[in-house]
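Put together the whole structure using the sequences plus the hints.
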Amino acid sequence: MAEWLFHLCEQIEATSLGVFVRESLWGFPILVAIHIITLVFSVGIVVWLDLRLLGVSMTGVPVSRVYRRLMPLAFVGFAIMVVTGMTLLTGFATSAYKNPYFRVKLIALLAAGINAFVYHTNVERRISLWDRSPLPPAAARMAGLISILAWTTVILAGRMMSYTLYTP
Amino acid sequence: MTSLADFFARVEHSTMAETVRDSTVVTGMLSGLHLIGLTLIVGSSLVSLAAIAGLIVSDQPVAEITRATRRATLFGFIVSLATGLLLVSFRLAMSTASRAFQVKLSLILVAILFHYFVFAPAARGQQSVLPPRLAGAVAFLLWLSVVLAGCAFILFE
Numbered sequence: 029m030a031e032w033l034f035h036l037c038e039q040i041e042a043t044s045l046g047v048f049v050r051e052s053l054w055g056f057p058i059l060v061a062i063h064i065i066t067l068v069f070s071v072g073i074v075v076w077l078d079l080r081l082l083g084v085s086m087t088g089v090p091v092s093r094v095y096r097r098l099m100p101l102a103f104v105g106f107a108i109m110v111v112t113g114m115t116l117l118t119g120f121a122t123s124a125y126k127n128p129y130f131r132v133k134l135i136a137l138l139a140a141g142i143n144a145f146v147y148h149t150n151v152e153r154r155i156s157l158w159d160r161s162p163l164p165p166a167a168a169r170m171a172g173l174i175s176i177l178a179w180t181t182v183i184l185a186g187r188m189m190s191y192t193l194y195t196p
Numbered sequence: 286m287t288s289l290a291d292f293f294a295r296v297e298h299s300t301m302a303e304t305v306r307d308s309t310v311v312t313g314m315l316s317g318l319h320l321i322g323l324t325l326i327v328g329s330s331l332v333s334l335a336a337i338a339g340l341i342v343s344d345q346p347v348a349e350i351t352r353a354t355r356r357a358t359l360f361g362f363i364v365s366l367a368t369g370l371l372l373v374s375f376r377l378a379m380s381t382a383s384r385a386f387q388v389k390l391s392l393i394l395v396a397i398l399f400h401y402f403v404f405a406p407a408a409r410g411q412q413s414v415l416p417p418r419l420a421g422a423v424a425f426l427l428w429l430s431v432v433l434a435g436c437a438f439i440l441f442e
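From first to last, the protein sequence lines are chains A and B.
With positions in the first sequence counted from 1, the corresponding number in this note's numbering is that position plus 28.
With positions in the second sequence counted from 1, the corresponding number in this note's numbering is that position plus 285.
If you're looking for bench data, these hints aren't it; they were derived computationally from the structure.
Note that beta-carbon positions come from the ideal geometry of N, C-alpha and C, so glycine has one too.
Each hint should be verified, as a subset may be incorrect.
To be verified - Derived list of chain A stretches under chain B, where covered just means 3 residues or more per stretch with a C-beta under 8 Å from a C-beta of chain B:
no., segment
1, 63-73
2, 88-101
3, 144-157
Following this line, the structure appears as structure tokens:
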């Protein structure tokens, strides 16, 4: 374990925000509820873009249209999810640092981010060639599959984390 | 009442319930799968609403989309029901006494009835007591409320 990182976590926990998250009566439950609601909302939308990329659903609708119409809603949810997640983290940074499921969750989030970046910078560049195709090319299908797997892992690891966070 | 208490005790002491109770990994994974099921339901109802409102397709019938979202909703419901039953199996008496759990069960019942008797006919273009967009919005909010009640249950149990 990197000692400096653990000390940083201790300092984060000692901030007034960290203390508020841990000790306030309603702060923690309200933050958790918003975090879960926005996760369900955003991932629930992203899955449908992924299914379109896989050629499983909405095959009669151009991929760009599905993206344009659904993803702005998902982005709003993601933004709130990240803010509430990071706020929650300030209250339990050292426990999260030691928790293996938190690391799995971070890796899965990173995988989802890299996958989205690769999709936008490479696969989507040639979208005019396959936008209306019921079955997008292998690279687009792979992006959809990786996204579903990454977000599934994020949810599973997130729930595992909440069940093991206080275990010494 | 005694027979119900006996039934709860029998379920709580069943091998399956004790397996779930004694394993953090099993409980955590079931909880994760439960949330994935709910994610599918909420996402599907939102996409249905977007389709009915003409946000996804404006020049084609929405039947293909709403058929797919209905299947996904059913799949999500089966996953969340199965995992939910296992998750409460070892604390059945406590769960049923919880106000948050009672609210969650009531909302699930209302959401199911609304889905099949109001939203589904409206989405298919059949006669319904509510216009399609309003029915879609209510269905989405009902399922979102189920998730919120679930949050209250896990946070205040």
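Tested hints:
no. : hint    : result
1   : 63-73   : holds (count 8)
2   : 88-101  : holds (count 7)
3   : 144-157 : violated (count 0)
Hint 3 from the list above is the single one not met by this structure.
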